[in-house]
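Enquirer: These are the residues of each chain, in order.
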Amino acid sequence: MNEKVAKLYGERLNRYMTALDCGKPDKVPVSFGIGDWIVKHTDNNFQEIFYDWEKSIKAVDDILPDFDVDVFGGGPTLWWPPMWDAMGSKLYKFPGMGLDENSTFQFVEEEYMKAEDYDAFIANPTEWIATTYLPRISTEFENPSSLRGISALIRSSVAFSEYNNYMGASWGKWTVEHGVVGQFTGMTKAPFDTLGDALRSMKGILLDLRRRPEKVAAACEVIVPHNINYALSGAGADTRFPCFAPLHRGSYPFLNPYQWENYYWPSLKAVIEGLWAKGKRTYFYAEGDWTPYLEKIAELPDKSIVFDIDLTDAKKAKEILGGRFCLIGGMPTTLLTYGTPEQVKEQVKRSIDELAGDGGFILGAGGVVMGDAKKENIMAMLEAAREYGSY
Amino acid sequence: MSEKEKKFVPEPGTCTPWKVKMEELGGIPGNEEIVKKDWERLDEAAYNFLWFWVHR
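Taken in order, these protein sequences are the chains called A and B. For the first sequence, numbering that gives the first Met the number 0 assigns the number 0 to the initial residue and increments by one for each residue that follows. For the second sequence, numbering that gives the first Met the number 0 assigns the number 0 to the initial residue and increments by one for each residue that follows.
So here's chain A without its partners, still in its complex pose:
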């Protein structure tokens, strides 16, 4: 890393760390990632960007010199499809493989875990995942003792390792060449989401809350130490950056207040507190609206989360969580798609005026920036952040 880049990296890192600890840095830190909105600004289609990591990395390399952010959220793809293809995974459809080559990915939600699987899962979840779940979600691994099944597992685990190594090297390159500071290390989930997303599905888990609520509670309790471990392991030894926690079913009004307080929150709180006890902060990626639950979230240990504002009432989040937890957001993702650069700039000014006052605030898009976001709006956001963001 040359001297100029090292200085830039140091400034950005200091801004991020100061805000995470609810302090006031020299400028309002700006956080943003490169979503699949970038695809239309390359010579590639979605399939090429998803499958060919050289092209995916190049898309990032090309824009980073003009991308003035303190905290970088990563490249355009969440996963490398060959790892999923190797298993014949039913969980996703990817561009060019089940979907049009110019479409983004889709999750295929099914009850991959049956209601009658609860007892086996609760008794020994890792065993159940290996011997029941994986064969059930993988057409290539339906018969684990066959050559086809064994080779599928080998292919996919090699791909898992290759991709992790390649991404690690890419982040190293971006840091050295562009002074990039990453947003988080490791990931975890709310145990209720682990159960409700890829295992029981939305329909399944909502029925379970009526028909077998004690099983839901028991399963969530069993998942807690696994989700703590998964986050810490994925982060290596790092406790400086928060771990990413995309939160789904806890958004209002998926669950009623009783269900939220009794079945969603206790195990999520246990994961966050468990991570905090190890010195690891959680990036509370509160997709959707969490306004009714802000008082409960405020029960968490000071600074144990950074709260991402998507559709949550930003003023209430500031009022209830501000000063004790860092807040991130201020730019509705819909405005990046449907707004104009002028409207985006006005929003940046308004958000900084309302939320940044005494520090502990990072400007960013709340929630996922969709593929139809306009590049000119994103660049206007970054420009306005620097214009209005000095303390």
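In case anyone wonders, no lab produced these hints; they're calculated from the structure. Please note: incorrect hints may appear among the correct ones.
Said to hold, decoys possible - Dumping the calculated DSS-like pairs for lysine-lysine here, alpha-carbon to alpha-carbon at most 25 Å:
#	chain 1	residue 1	chain 2	residue 2
1	A	Lys302	A	Lys23
2	A	Lys113	A	Lys214
3	A	Lys113	B	Lys6
4	A	Lys214	B	Lys6
5	A	Lys302	A	Lys26
6	B	Lys36	A	Lys277
None of these values were measured; they are calculated from a predicted model.
Assemble chain B onto chain A, guided by the hints.
Expert: Okay, now just chain B, sitting in the frame of chain A:
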């Protein structure tokens, strides 16, 4: 799968902990730490691979 294997519940972060392997082996002639270090690292990788599929 043996009954013993069926009843065994691995701790989070493990599939086949080293202590289980050592019980089966009843000891090794060489330096245990040299073998254990990589066993545990690769076992954790296997665990992470398995749990990856439920953490979409």
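Enquirer: Hints numbered earlier in the text: which of these fail when held up against the supplied structure?
Expert: Of the numbered hints, all hold.
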